[in-house]
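Peer 1: One letter stands for each residue in the lines below.
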Amino acid sequence: MITPVYIRSTASIHSDGQAQGNAKRAVEPDYKEVITDAGLRRRMSRAVKMGVYSALTCLADTSSDSVGGIITATGLGCLADTEKFMKSIVDNNEQLLTPTPFIQSTFNTIGGQVALLRKIHAYNVTYVHRALSVESALIDAVMHIAEGADNILLGAVDEITESSVDIQQRMGMLRNNAAGEGSQFFLLSRNSNGCVAQITDISTRRGAITQTDFATWVDSFLSNNNVDKTDLVVLNGSKQVLTNAIDFKNQCGEYFTAVAFALWQAVEQIKSGARNVLIANSFQNTNHSLILIKAL
Amino acid sequence: MEELIEKLKGQLIEELNLEEVTPADIDAEAPLFGDGGLGLDSIDALEIILILERNYGIKIENPAQGKEIFYSVKTLAEYITKNQK
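Sequence lines, in order, name chains A and B. Going left to right, the first sequence walks through residues 102 to 397 as this note's numbering numbers them. Going left to right, the second sequence walks through residues 1410 to 1494 as this note's numbering numbers them.
Chain A on its own, in the form it takes in the complex (with noise of 0.2 Å):
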């Protein structure tokens, strides 16, 4: 059990569910209403567009003086400008590198340019845990609140590039479902007034597992947190059986960070009705994670 959080607002760049070739791409909003300077626009690649959108979005009717954090989370970061930037490297025999994709590449550069543009001068960090990046930002987050913070802005961020597609499929990596990418947002509050849901529990594990220890897992989890079955809408995002389940990863495809868009979804089922919301997520059946979401 966890210090419960609340969620007060949410942003989500995602795709539609149509996959071109072996690729879900996110569908992106115009991004000049909200990155309104052209100069700053200009430099930035989609994965910080979509980060910073999303952030912006997520913190538009907050001040910044109340965000105690900003904590980010991503499985590859930008991945494009890293791309041109090694590209640059191999080009120009490591001599004459151009500054912007290697500025722009590092991990933080999202959390960082929210920072910048809001000026939020707290906590800032970015978790690169593979298929877990999502979970130890989000467990970072319930620490700080539980220390004292009253917000805490946590986001996910992962891109698609055409040779990242390719060389995940290479390697197995997809599991028969398509690459994907997005951008989600969550602004995590200590007190529950005018919140939509309440993060209730999450839990960790990794390694190979198999369809009856990830069953015992959830049942324990569960039971844990005193939630009836009967009452539960499932977002599935591993390959285990669980019953009534909705396949997330059929909307957003497979990527480090997809857990994010399950999370906003799931609060979208809060909005629609449901009291509870499981999310079960797999990568490769070597991270697992259950995180449950509850109506306030």
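Hints in this document: simulated from the structure, not taken from any laboratory. There's no promise every hint is true.
[Said to hold, decoys possible] If you only want the chain B side, here are some residues facing chain A, beta carbon under 7 Å, derived:
| hint | residue |
| --- | --- |
| 1 | E1423 |
| 2 | N1426 |
| 3 | L1455 |
| 4 | L1459 |
[Unchecked claim] Residues from chain A shown here face chain B by an in silico Cβ test under 7 Å; the list is partial:
| hint | residue |
| --- | --- |
| 5 | R143 |
| 6 | L197 |
| 7 | T199 |
| 8 | P200 |
[As the list claims (entries may be wrong)] A few chain B residues that don't get close to chain A, going by computed Cβ distances all over 12 Å:
| hint | residue |
| --- | --- |
| 9 | G1448 |
| 10 | P1472 |
| 11 | G1475 |
| 12 | K1476 |
| 13 | Y1480 |
| 14 | Q1493 |
C-beta: ideal position from N, C-alpha, C; glycine also.
Mind docking chain B on chain A? Use the hints.
Peer 2: Here is chain B on its own, set in the frame of chain A:
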């Protein structure tokens, strides 16, 4: 000179990701930096130095000359014409 100016405009648009700008929008005599022109900044100046080195083999030896050379697309083109080997 006109041909070089048009080529430079295209290179600036591509290398500096000036997505909403076309070559026709760039006044060759308008300032590249600050108000009243393209509004470029110090990171763009680094990118322009690399455009000169990579594409024209020109190294700016005296940084004090930078302000004058980088004033506009036209001053850049004039410097390239004078110094290209």
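Peer 1: Could you run down the list of hints and mark each one as holding or not?
Peer 2: Going down the list of hints, with the structure as the test:
no., hint, verdict
1, E1423, "violated, 11 Å"
2, N1426, "holds, 4 Å"
3, L1455, "holds, 5 Å"
4, L1459, "holds, 5 Å"
5, R143, "holds, 4 Å"
6, L197, "holds, 5 Å"
7, T199, "holds, 5 Å"
8, P200, "holds, 5 Å"
9, G1448, "violated, 6 Å"
10, P1472, "holds, 16 Å"
11, G1475, "holds, 16 Å"
12, K1476, "holds, 20 Å"
13, Y1480, "holds, 19 Å"
14, Q1493, "holds, 17 Å"
When the structure is compared with the earlier hints, violations turn up for hints 1 and 9 and for no others.
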